[in-house]
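K.L.:
Protein chains in written order, with the numbering used here: chain A, 1 to 290; chain B, 1 to 222.
Any given hint might turn out to be false.
Taking lysine-lysine pairs in the DSS-like style, the calculated list, with each CA pair at most 30 Å apart, reads [unchecked claim]:
{"no.": "1", "chain 1": "B", "residue 1": "K202", "chain 2": "A", "residue 2": "K205"}
{"no.": "2", "chain 1": "B", "residue 1": "K173", "chain 2": "A", "residue 2": "K225"}
{"no.": "3", "chain 1": "B", "residue 1": "K8", "chain 2": "B", "residue 2": "K142"}
{"no.": "4", "chain 1": "A", "residue 1": "K246", "chain 2": "A", "residue 2": "K280"}
{"no.": "5", "chain 1": "B", "residue 1": "K202", "chain 2": "A", "residue 2": "K225"}
{"no.": "6", "chain 1": "B", "residue 1": "K8", "chain 2": "A", "residue 2": "K205"}
{"no.": "7", "chain 1": "B", "residue 1": "K214", "chain 2": "B", "residue 2": "K202"}
I should point out that these hints are in silico values taken from the structure, not numbers from a laboratory. This structure is a prediction, so every number in the text was calculated from the model and none was measured.
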Amino acid sequence: MRRSFKEALASGEFLVTAEVVPQKGIDAGTLTPIIKDLNDVVDALSVPDNPRALMSMSACAISRLILENGGDAIMHVSCRDRNRIALQSDLLGAAFLGIRNILCINGDHVRFGDHIDAMPVYDLDSVQLLETVRSLTQGRDMAGQQLVGIPDFCVGTAANPEADPLPPQLLKFEKKVQFGIDFVQTHPVFNIDNLVPFVNQAREKGVKLIAGVRLLMAEEASSYKDGSYPGLFIPEDLLAEIEGIKVEKSVEIAAQLIKAMREKKLCDGVHISAPGYEPKIMDIIKAAGI
Amino acid sequence: MIVLEQKKFQEIEKMTTGYNRLLVLGCETCAAMSFAGGQRQVAELASAIRVARKTTGEQGEVLEEAIARQCEPEFVDLIKDEVSGCDAVLSLACGAGVQMLAERFQDKVVLPGCNTTFLGVTEELGVWSERCAGCGNCILDKTAGLCPIARCSKQLLNGPCGGSMNGKCEISKDVDCVWQLIIDRLTRLNRLEMLEEIFPVKDWSPAGHGGPRKMVREDLKS
Ligand code: SF4
Ligand code: SF4
Chain A
1 MRRSFKEALA
11 SGEFLVTAEV
21 VPQKGIDAGT
31 LTPIIKDLND
41 VVDALSVPDN
51 PRALMSMSAC
61 AISRLILENG
71 GDAIMHVSCR
81 DRNRIALQSD
91 LLGAAFLGIR
101 NILCINGDHV
111 RFGDHIDAMP
121 VYDLDSVQLL
131 ETVRSLTQGR
141 DMAGQQLVGI
151 PDFCVGTAAN
161 PEADPLPPQL
171 LKFEKKVQFG
181 IDFVQTHPVF
191 NIDNLVPFVN
201 QAREKGVKLI
211 AGVRLLMAEE
221 ASSYKDGSYP
231 GLFIPEDLLA
241 EIEGIKVEKS
251 VEIAAQLIKA
261 MREKKLCDGV
271 HISAPGYEPK
281 IMDIIKAAGI
Chain B
1 MIVLEQKKFQ
11 EIEKMTTGYN
21 RLLVLGCETC
31 AAMSFAGGQR
41 QVAELASAIR
51 VARKTTGEQG
61 EVLEEAIARQ
71 CEPEFVDLIK
81 DEVSGCDAVL
91 SLACGAGVQM
101 LAERFQDKVV
111 LPGCNTTFLG
121 VTEELGVWSE
131 RCAGCGNCIL
141 DKTAGLCPIA
151 RCSKQLLNGP
161 CGGSMNGKCE
171 ISKDVDCVWQ
181 LIIDRLTRLN
191 RLEMLEEIFP
201 VKDWSPAGHG
211 GPRKMVREDL
221 KS
């Protein structure tokens with residue numbers, strides 16, 4: 001049997017995770033072969049929860065599909081769409097279905113999505129969600145009531161090393177660490193030196209840092225610039241560089257970033273995303289030599 | 001103050017059609033400060049309705065009045081006679097004012113002429129912005145006097161999200177990230193260590209999620 005993501009984290013080896021975005025609808029016919037291919041080469045597949053507030057099938061269902069196809073899944077749990085009752089209920093359901101890794105996040109605001117008239121929830125924030133998860137894994141719900149059957153999660157959170165100013169993000173990370181997180185998956189990073197303060201803090205706290213690497217596509221350049229991708233901060237020179245480039249070049253840029261991060265030991269692994277271009281993730285992995 | 005904006009004229013025209021004797025009733029407090037329902041806006045709106053009625057041929061009289069506050073029974077009761085003589089009241093107060101009229105004048109049609117938007121401040125003439133969401137348990141002592149519940153797009157209590165950039169909120173370059181404002185102000189006050197404290201989950205029941213709110217002060221009751 002292949003090792004779990006938690007075992008991979010403990011191995012000390014350089015980790016690779018990749019993102020698979022659930023489809024809009026119940027036909028996973030396109031996603032399944034991608035999942036099968038990637039399962040062979042990554043330590044886990046990370047499944048976003050209605051990313052950018054674009055309504056899609058639940059991360060829980062796709063996480064389960066990943067498990068059924070022999071891989072391990074990291075299910076994202078966003079505070080945007082559910083109150084504390086629904087969050088806890090879905091976490092228990094996920095654990096029941098065998099999902100062992102979760103990534104606790106606030107979630108992008110609904111205004112970026114395809115249901116901009118929706119009411120965002122944010123009953124809890126990501127720090128409070130981590131506290132909730134800890135409570136569940138200790139056998140109690142938020143109301144202090146005992147659980148019948150206790151879930152066990154490998155817990156992660158997100159951070160943005162490219163944020164400006166950075167100190168508030170570090171401070172928030174410090175808060176999150178107090179709830180016993182196992183890993184942090186960063187937003188996509190382009191100025192890799194920006195990882196330094198985060199990785200230092202993570203190592204000091206015994207948390208593994210998985211750096212985000214995103215395939216940048218020339219045709220999406222204008223959306224990167226106009227703020228349509230919250231938390232994605234791409235330097236001007238890189239934006240200029242990707243203008244008009246072919247996808248092969250995009251793959252090379254992503255692969256170079258991975259190589260550089262690895263060489264400089266700026267992270268414990270990488271998380272590769274290529275929303276809409278998932279088959280290219282395999283090419284990035286090959287080109288990066290991991 | 002409660003910030004209001006007057007509804008679009010077409011909507012007002014449509015909802016008031018058929019009520020021959022129409023009383024346009026202003027409120028001289030928040031509605032007036034919002035330039036949406038004070039005496040002056042009452043006069044302007046009433047004459048616009050008269051002009052529109054002339055064009056469509058609709059009969060009837062459009063009356064004008066403004067009281068100090070539509071949210072208090074003693075002021076509302078002052079216009080009892082005027083209200084009884086009309087077919088409908090178009091209130092230019094906030095939602096509380098409209099409902100107070102509906103409660104005091106049980107048999108009268110009461111229509112809202114304004115949209116009630118938020119609890120906020122006048123930044124400058126013609127610019128208002130939100131400051132409070134009436135959460136029922138004020139935390140401004142912990143956030144440098146700036147409210148993340150009303151002013152953070154995600155109501156985050158434990159610091160900025162990953163989308164905060166150069167002091168602006170991820171939702172728009174025109175919106176300040178209140179967490180950045182909180183951090184800046186705490187820095188000025190030399191109290192940055194306050195940010196290290198973990199904010200517990202919020203009890204939303206005093207915020208109205210425990211059902212409609214009511215406050216009774218026995219010491220003030222007669
Ligand atoms: S903390 Fe609550 S009461 Fe205080 S300003 Fe914010 S919303 Fe209003
Ligand atoms: S950018 Fe700032 S104000 Fe906007 S949602 Fe994030 S923390 Fe809240």
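K.L.:
So which of the earlier hints does this model not fit?
P.N.:
Going through the list in order, the structure violates hints 3, 5, 6 and respects the others.
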